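**Student:** Work out the full structure: start from the sequences and follow the hints.
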Amino acid sequence: MVTYIVIKLFLVLFVFVLALTVAAYSTYGERKVSAWMQDRIGPDRAGPFGLLQPLADGIKMFTKEELIPSSSSKYLFILGPSIAMLTALMAGVVIPWAGPIEMFGQQVSFQVSDINIGILYIFSVVSIGVYGIMIGGWASNNKYSLLGALRASSQMISYEIAMGLAIVALVMKSGTLSLGEIVAQQEGSWMNVIYQPLGFLIFLICAFAETNRAPFDLPECETELIGGYHTEYSSMKLGLFLFAEYINMFVSSAVISSLYFGGYNLPFSHLWGLTGGWLAAAQFGFFFLKIVFFIFLFMWVRWTIPRFRYDQLLHLGWKILLPLAIFNIIITGLVMWANGQLS
Amino acid sequence: MVTELLFYLLSFVAILCAIMMIFSKNPVHSILYLIATFFAIAGHYFLLNAQFLGMVHIIVYAGAIMVLFLYVIMMLNLNEDAEPVKSKLQKITATLAGGMLMLVLIASLKNAELKTQMPGNEDIGLVTALGNILFNDYLLPFELSSLLLLSAMIGAVFLSKR
Chain A
1 MVTYIVIKLF
11 LVLFVFVLAL
21 TVAAYSTYGE
31 RKVSAWMQDR
41 IGPDRAGPFG
51 LLQPLADGIK
61 MFTKEELIPS
71 SSSKYLFILG
81 PSIAMLTALM
91 AGVVIPWAGP
101 IEMFGQQVSF
111 QVSDINIGIL
121 YIFSVVSIGV
131 YGIMIGGWAS
141 NNKYSLLGAL
151 RASSQMISYE
161 IAMGLAIVAL
171 VMKSGTLSLG
181 EIVAQQEGSW
191 MNVIYQPLGF
201 LIFLICAFAE
211 TNRAPFDLPE
221 CETELIGGYH
231 TEYSSMKLGL
241 FLFAEYINMF
251 VSSAVISSLY
261 FGGYNLPFSH
271 LWGLTGGWLA
281 AAQFGFFFLK
291 IVFFIFLFMW
301 VRWTIPRFRY
311 DQLLHLGWKI
321 LLPLAIFNII
331 ITGLVMWANG
341 QLS
Chain B
1 MVTELLFYLL
11 SFVAILCAIM
21 MIFSKNPVHS
31 ILYLIATFFA
41 IAGHYFLLNA
51 QFLGMVHIIV
61 YAGAIMVLFL
71 YVIMMLNLNE
81 DAEPVKSKLQ
91 KITATLAGGM
101 LMLVLIASLK
111 NAELKTQMPG
121 NEDIGLVTAL
131 GNILFNDYLL
141 PFELSSLLLL
151 SAMIGAVFLS
161 KR
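Read top to bottom, the protein sequences are chains A and B. Mapping of the first sequence onto our numbering: position 289 corresponds to residue 289, and the numbering continues sequentially without gaps. Mapping of the second sequence onto our numbering: position 142 corresponds to residue 142, and the numbering continues sequentially without gaps.
Certain hints may be false.
With a straight-line cut-off of 20 Å between C-alpha atoms, the simulated PhoX-like cross-links for lysine-lysine are [to be verified]:
1) K74(A) / K91(B)
2) K319(A) / K86(B)
3) K74(A) / K32(A)
4) K25(B) / K86(B)
5) K74(A) / K64(A)
6) K88(B) / K25(B)
Which stretches of chain A does chain B cover? Using the computed rule of at least three CB atoms under 8 Å from a CB of chain B, they are [what the hints assert, rightly or not]:
7) 14 to 24
8) 156 to 163
9) 236 to 244
Keep in mind the hints are simulated off the structure, nothing from the lab. Keep in mind that this is a model prediction, so the values were computed, not measured. Don't be surprised by glycine CBs; every beta carbon is placed ideally from N, CA and C.
**Tutor:** Next up, the structure:
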């Protein structure tokens, strides 16, 4: 019992540190990727290749003057970024980071909690994540912040529906809501993306919208709203908002990899001849590569595609993605029926 | 022991937040207290091992409906100054009506059997058991309620088109 708790605590700490480190280096990666795509050099002053840039940014954020607007509602102003950060960090709990191994005489799972409704848990964490932006934007008592908050909320609600319906088709195919089982099912067989290409595409687009990344970054659209919901924020509270976005990006990449791209499973794993801890390490490494690829995809899209107009965004969500997701469910059901998988 | 402690804690939070929701002057604060109440109630579902219901409760109520509420209230920009002041007569009538509702609720619940355990097996709230029950024993009511929701949705779309 004590070993179990210690292992789980260690795992929680590991996921926490991993999320923060990856998010910190995503900011560096984003600058380097954008520089590369725009034929610039990017940050190269702090340390070799500018590798200490995230640290310098962190110190800068912490030492900046902290302002709370006098006309704002003080507690809610502080609550906003806190909720954004909290919900961003919560979703990593149900992701299986590697296959289970034998350690200390017991089965050790590299998943903090394998609740049998893991997908719904992620979905609920995502859906309450919008409160951070809404509360922060409202409490700033600034019209641009409020407009950003309103945009964020209607965008989140619109894309959550298509996202949920895309997951429904995947759940129909897998027959379980547990993330651990969905990943385990993809071992030694085709990845889910082969069976659910349309569902994957819808899920990916919705993930872009849910993380407020370009081309869906309307809540912080600087040409129209100055900075959107975080206009009034300064110092580390602004840092938390920005950081939460990168953690969300990391978590969505992990979720996409585990739902549609086999998670920690190695291709042709039986040919590698790895066992025990080495296998788990290789699985984690491979999973991490997939995550890094999707984070890169997020950046690639951001620096390639221009921002949507707001009516285009809602049009895409409600009139294109939603019918497509329903169509995907019907097709999945028909194929399963034809294969005799429905009893 | 721990369950009991959690039960009292969650109940305390739920009731406190519900009361604060009624008494706070600012409508946005009211909504935030209501969201906290929903989370406490979702905690009760988890205590009863009804994980699916608890999660859906959070997704639907806290994640979707309350976001819409907050959205509308932020749009209307209600605040303490703009809150309409009701007349004395309206206040007295509302108090009487609310008190009567409370009386009826107490009268109907005072003889109810107090159950501390879930009836039957413990997995009743898990998604497999719930799905089997809904699609085998209660298929007709389930489909009828989904039809009802569909008609409400079509009605809302129709009204907004006029």
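**Student:** Just pull the numbers of the violated hints for me, sorted ascending.
**Tutor:** Hints 1, 2, 3, 7 and 9 not satisfied by this model.
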